[in-house]
Structures are given as structure tokens and as C-alpha cells.
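Peer 1: Taken in sequence, the protein lines are chains A and B.
For the first sequence, our numbering gives the first residue as 1, with consecutive numbering after it.
For the second sequence, our numbering gives the first residue as 524, with consecutive numbering after it.
Hints are computed from structural coordinates only; laboratory data are not their basis.
Treat the hints loosely; a few may be bogus.
Here are some chain B residues the structure puts well away from chain A; computed CB gaps all over 12 Å [stated by the list, open to error]:
1. Ser536
2. Glu699
3. Pro749
4. Glu821
5. Met831
DSBU-like cross-link-like pairs, simulated, lysine-lysine; straight-line CA separation at most 35 Å [as the list claims (entries may be wrong)]:
6. Lys51/A <-> Lys733/B
7. Lys212/A <-> Lys643/B
8. Lys701/B <-> Lys648/B
9. Lys132/A <-> Lys643/B
Even glycine gets a Cβ: it sits at the ideal position worked out from N, Cα and C.
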Amino acid sequence: MNEQQQTLLQFMSQQADKLGVQTMQHIGLTFISLFIAVLIGLPLGIYITRKKNISGLVLGIAGILQTIPSIALLGFMIPLLGIGAKPAIVALLLYALLPIIRNTYTGITGVDATVKEAAVAMGMSKWQVLFKVELPLAMPVILAGIRTATVINVGVATLASYIAAGGLGEFIFGGISLNNTNMILAGAIPAALLAIIFDFLLSLVQKLNVKKIKGVVKIAPVLLIILSCLYFIPSAYGGKLTAGFTPEFMGRQDGNLGLISKYGLKIHTIVISDAVMYKAAQEKELDVISGYSTDGRLKAYNLLVLDDDKKIFPPYYAAPIVREDALRKFPELEKTLNLLAGTITDSIMTELNYKTDYLHQSPERVAKDFLVSKKLWRAEKNGKEGVVRIGSKIFGEQYILASMYSMLIKGHTNYDVSTKSGLGGTKIVFDAMTNDQIDFYPEYTGTGLLAILQAPAKTVNELQTSKDSTYNYVQREFSKRYQIKWLKPIGFNNAYALMMREKQAKDLNIKTISNLKRYLESK
Amino acid sequence: MIKVEHLVKTYGSVKAVDDISFEVNEGENMILLGTSGCGKTTTLKMLNRLIEPDSGNIAIDGKNISEQPPELLRRGIGYVLQNNGLFPHYTVGENIAVLPNLLKWDKAKTQKRVDELIEKLHLTKEYLNAYPSELSGGQQQRIGLARALVTDPPVLLMDEPFGALDNVTRSSIHREFKALDELKRKTIIMVTHDVQEAFELADRIALMDKGKIVQIDAPADLLFNPVNEFVRGFLLEQRLQLELKSIKLTDLWTHLTDTGKKINPSMLSSDIGIWEALENFKFYPRETINIINQHTKEVKSITFDQLMSAFSKHKNLQPHE
Ligand SMILES: Nc1ncnc2c1ncn2[C@@H]1O[C@H](COP(=O)(O)OP(=O)(O)O)[C@@H](O)[C@H]1O
Ligand SMILES: [Mg+2]
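Isolated chain A (complex conformation) (with noise of 0.2 Å):
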């Protein structure tokens, strides 16, 4: 526990610049769209006060908004507004509206009645009524509805880091790809510190009395303003090119850090989800991007792999990993598994990934297809003895291949299943194994050696010579640590990729990652 405290304390001064940006830009995040969705959810909520037979119709939509998942949402901004900070701000801003709309209109139709009364009786007009009697009395309740906003701010922004627009979900969500639990804590604790500061803040305010209440009112647009300034202050953007990453990318030896040591590639990198990384590259918000060789959305996307001619991606197996209980548990399994082993080439994957991401047909219907051709395709039997359970991260292929597993399982054995398909990152996935939460899932020797593992720099360099031996390798030792068995390859190779739109990498003559080092350097 100690240790573990420790090197979270190592970690997070080690890392105290990025965490200081990745604080500020969070800060700021939540403070711009705060402040947009005060300016535009205040005057609502009091035009709804004023035109009552609207007020449902607003108040309905500003709820529908906040019911939409915020990764979805995020996902619909980037064809409107590109990646980064605006689709960002905009999402945050949307979330924040309901709060502070409702708060507005029940505050100010709670203020008592002949109290209102008796301030048109005395002759104020309308703005004199709104602005001495209304609006101070419902400012506490006014201000109840930022704070909640504020709070709920601070959350989603975590998730801002999914299109490159920063903050601390960037330590959060590399953390899980990475298998990183001090990096998670990193972003996790001061995210939550913030929450908690706001909130108490905005509680100290609510409590005021409403004299105090006035000149803090008053101060408040200027520290918003300056709070949403922090967002500026670190983001001095620059560059020919601009790289997307996923975290999981930017933290492995065999991916940024080795562009950086081993190309020595300068290019401005900005962190993104795996989720909307191509769709970005695409709508030409970004040029470069990391991915994986054999994904179907190279070809739905017209994107081109860069010729890694200093070899710094070696390519991995995949295989399905399973736990040692499972597979005396049910003695059919490993046979069942092996089925597939060799089938599927890089082609062969490539295509079928082709034809889920890009034919959209259901990752279902794809495998039945293959297995199928295969002639590996049996009816199912219904069988009673047991239920394995499946995993899966949460992208194309890894749908693809835990269907096909889910078939030859019910076809050829008397077992059942049950899938858990869609566990975020590497380090979800494993630790529902390691928890006996699910009993295999496909993993990629890769993963397996640089993020479970968390080999030493020197090993890696040992094995990157051959697959065969990072297979061997990682077969010992996770049989070793975790009793958890990898079963034969696959067939086909899994290794990361940089590539570009080819439209783009024809006019400016790239075709290598050194070629587009290069590039970066002329002029």
C-alpha cells in the first residue's frame, strides 16, 4: 500500500507538467461552457417564466439533451464541429443548460406572489421588477442549479480527452488503455478534488445572505472569464501537421516513444479516442493517425500506412487468452478455440473488419459468414453443461472474433455463453479476467508484453526480433503470474500503424514515416 502510495506520488510529480496543463485545461473546459450555458440558459429560463406555454416544450429539450450518453454526443459534434475545444465546449455547454434553465424558472416562479405584488403595485416596471425583486430571490436557487452544472461539467469533461480537446481524462483514459493504475489516479483523484472544491465553493456562495449574494453575483463573470482563460494559456498550437493518438499509442515503446527516440519524429500530437480518431482524419482535422494494420476502416476511409522502414512497429500475434480454471472447467474449450487458429490471415481480417466498418453488416452476421466458408459453422445444440464467458474490447475486430468464438462454442460443444462485449480498454478487459469476471477474451501478444506485462525496455529489445519469441515470452509469464493460458494465433499479424489520408500523402510525397519526418523538418 505504501509502495503503491509512493510511486503515485513519484508518478504524478514526475508527470507534474502535464498534470498542471491537463488541471488548467479541465478547469477551463468546465468554466467556458459554465459561462456560455449561464449566458444562454439564464435569459431562457426567465423568457420561459414570462411565455409559460413554451416553458414545457424548452425544459423537455434541454432534458432530452442531458439524456444523450456524452461519448455519443460527443460523437455527433465532430461532422459539425470538428475535434478539440469547440465540439468539446459546446457538448459540455448542452449539459449544463438543464440545470441552470430550471433552476431559473422554478427559482423565479417560486418568488412569492404578492411579494411581486406589491413591487408592480409600488410602480416598477417590468426590468425593475425582474432585476430588484425576482432575480435576487431566486438566486439561491439559480445558483443550486450552476453548482449542479459545475459539478456535472467537471465529469463529462473527462471525457472531453476522447477528441483531443485535453484535460485530465487524458491520465484517465491512458491510464486504462495502458493498464496504468497510477496514471488513472493521476487524472481520477484531481478530477474528483475539483468536483469537490466547486461544489463546496458554490455551496459557501448559496448560503450567503442575499446582501453578500449581490457582490459576489457581481464578481462572478470575471472569475468565470478568468477561469476559462486557463484553457487558453497551454494549448499554443503550431505545426505543418497535426498527429492524433490514442492514449494507449502515445505510452508504448512501441508507438510515440518510439516515433520520438527512434525517428526522432517532431509533430504536433494531440491525444484522441480510438472511437473518432479516423472519422477526425477524415474530416481533415487531423493528418497523421495511430492505428492498427489490419483495421478495416484503412480502406473505408481511404487512409494509407506509412512504410515503417525503421522497424519500430514489430508486428504481434493475436490469440485468445483464457483462464487455466476455465479450461479445466471445460475440457472441451481449448479444442473448441484452436479451431479458428491459422484461418485468418492479415487479408483475410483486413476484409472482414472492411465489412463491418464499412458495409456496416453486424459483426454477427461477418463471422457466420467466414465460419461458414470455413465450413466450421455447426447448428446450435443448446447445450446445458455450463456457460462460458466471453470478453471483449470494445472495437470492430474484437466483435468480429468473439462471435465467431460464440458460435463454434455453441456449435461444437454442449456448453452455453454469455458475451461481455465492449469492455473499454486493455485494462478493463483484464482485470474482468484477472476477477473471474469473464473466462477469455482475444488478446495481442503486444498488449500482452507492454501494457499487462509492463516488460523492461531491455526485454522488449530481446524480443522484438521475432513474434514468435514475444509469443513464447508472454505464454510463460502469464501462465506464470496470472494462470491464464494463451491458446494458438490466430493467424493473423496485429502491429501498429501511422497513416494519412492518401490523397494527402501523394500531393506532399509521403510514403515512409521518414519520409514524412522529413517533410516536418523542410523549410
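Model the placement of chain B with the ligands on the given structure of chain A, informed by the hints.
Peer 2: Frame of chain A, contents of chain B with the ligands only:
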């Protein structure tokens, strides 16, 4: 001063105010009396345009109010509500100064006026920085009155101003209300459902029923010359008390016998009602009270028994209804 003609206000099928006409003279205290829902508040609020009538005319000082900007109109009319309507986020001082601040009076003038009112309403200055919620109901109501009086408007509208107060507080406020010089020169229209209150404070009473005025007269006329059964029935239950309030000592003068024993120097005017005279016995238990006839300057000193027998002699002379 105020002239109301054929005022009508309907809510859906409810005729809240149904063709009402009346006049109020300058300095008069007119009370709209009636059971709950008979249209008193609606009538009152049309006078300062909190409610716009469906039809009819209202003129104040000869000027049609519908032709004046409502804000300006309202600044010239004081308004006091049952639940005082004080601003909870303003101190007592700020509450009283709302209108002077809207009118941009200079600070010293406002302060002087506020201090003056505080004194007249028997409040101490230490309340100026308190918030309304820290005050008793009676005190809040006084602040409400002070706020309405601060610019000395010629007209005052009051909607059940003492309705939320307990009996003891109410009768003490009634006494202050009658004594307050600021109110003597004002034209007041007050709404109440309390018959006793109406008889105590009104120069004239407009008794309303179902949106119409049934009878509009001085309290004694309402009591002794009711226009119909409704009016008689309305006052029946509290008749004795009302008689004691509406019959003045002047009316009994000939029946009162002077004991000649002027034990103390205090002097009551014969313009007060019997009820108030009786209260003097109650509060200052003496054998006799001294009464001075305002017209002849004659003084009589009487006992409780003499007052009561004078009352019954007076009653016996009234035509039987
Ligand atoms: N805003 C309104 N909408 C509908 N009906 C109303 C409204 N205001 C008053 N009324 C109705 O008009 C009638 C007179 O109301 P009001 O003047 O408040 O009576 P009072 O003050 O004598 O108790 C009542 O029947 C009441 O229900
Ligand atoms: Mg009323």
C-alpha cells in the same frame, strides 16, 4: 376624487365584478365590505391597474386612469396588502425607501422621511437594519403601511390590511390607524370582510355581494336604514356591537345626565362611538368619564350605568324595523 363607473370584470363565466359604480370623496375612508369572493379585491386592483377591467371607467382627480402609463399611475397610489408583500431581501429601511429610490430622491431627504415615518408608526430606529422576517406580524404590517405612505400619495388602497393579525394586535393597530395624521388627509379605499373593522374605520361602507354593490352608506345608515333583507341579515349577528360602534355620544347627548363629579381632568370628545367610550371604562377603571360636546363645549361627567341607560333610551326612540 375617485369616480368609478359601470366597472365589469369577468373570469370565464364568473362575473367577479358586475357593473359597479361609486364615488369616493377627497379625504374619505371608503370600505368595501363583503364575504370572500364577492369581488372586493378585483375592484380594488382595477383602481391601480393591477387588473384591467373588461369595461367601465375609472377617473382619479378627473383623469381617466386608463390613459396614464400604469407605472406612473401606481407611483401616486399607495398600496397595502394583507400579507404585507415586504421584500424579504431588503432591510426595513430599504423596504420603506423603495419608492424614493425609484424616484431618485436624494439620500438625506429619503432618510429624513423614513425616520419620520418610523417615529409616527411607533417603531424604533433599531429596526431599520433588521429584515422583515425578524419582525412580528403587527410590526411588518406597519412597515407595509410606511412603505405605502413614504411619498405621501393622495390615494391609499388597502386590501385586508389587518386581516392576518391577531385580535389584540388588530385593535391596537386600529387605534393607531385612526390617530395617524398622515391618513387623515388621504383618500382611502380599504377592503375587508370584517364587519367590526368596517364599522370602526369607515366613513362610508360599500356592502358588496356577488360582484355588485348592495348598499353604499355611512355605517349607521347601513345599520338603521338597510335597503333590503340582505343588508339586515349581513349585520344581524353582531348587531349590538355595531350599534355601540356606530352610535356616537353626540347622538345620546340629551339622554346623558351629568353627575357633576369631575374626578379627573381627562376629556373625551363626544364624536367617539359608545364602544370607544366603554373601552375607557374598561381600560381606566374609574367611576366617571368626562365628555365634552364639540359643538356646545358643554362637559358632562357620566358613569357606566348612565351611558348604558342613555343608549337604551336612544334605541327606544328609533323607528322599529
Ligand atoms: N385570476 C382569476 N381567475 C379566475 N377567477 C378569479 C380570478 N381572480 C378572482 N377570481 C374570482 O372572482 C371572484 C371575485 O374574487 P375577489 O375579487 O378576489 O374576491 P374577494 O376579494 O371579495 O374575496 C371570485 O369568485 C374569484 O374566484
Ligand atoms: Mg380578497
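Peer 1: Are all C-beta atoms of chain A more than 12 Å from that of glutamate 821/B?
Peer 2: holds, 47 Å
Peer 1: Could you let me know if the closest chain A CB is still more than 12 Å away from the CB of glutamate 699/B?
Peer 2: The claim stands: glutamate 699/B keeps its Cβ more than 12 Å from every Cβ of chain A (closest is about 21 Å).
Peer 1: Taking C-beta pairs only, is serine 536/B more than 12 Å away from all of chain A?
Peer 2: holds, 23 Å
Peer 1: Lysine 132/A and lysine 643/B: Cα distance at most 35 Å?
Peer 2: At roughly 28 Å apart (the allowed maximum being 35 Å), lysine 643/B and lysine 132/A satisfy the hint.
Peer 1: What's the verdict on lysine 51/A and lysine 733/B, does the C-alpha distance respect the 35 Å limit or exceed it?
Peer 2: With Cα atoms ~32 Å apart, lysine 51/A and lysine 733/B stay inside 35 Å; holds.
Peer 1: Is it the case that proline 749/B keeps its Cβ farther than 12 Å from each residue Cβ in chain A?
Peer 2: holds, 34 Å
Peer 1: Compare the distance between the alpha carbons of lysine 701/B and lysine 648/B with 35 Å, and conclude whether the hinted pair is satisfied.
Peer 2: Holds, at roughly 23 Å.
Peer 1: Check the hint pairing lysine 212/A with lysine 643/B against an upper bound of 35 Å on the C-alpha distance.
Peer 2: holds, 32 Å
Peer 1: Compute the least Cβ-Cβ separation between methionine 831/B and chain A, then decide whether it is above 12 Å.
Peer 2: holds, 44 Å
In summary, the structure agrees with every hint in the numbered list given earlier.
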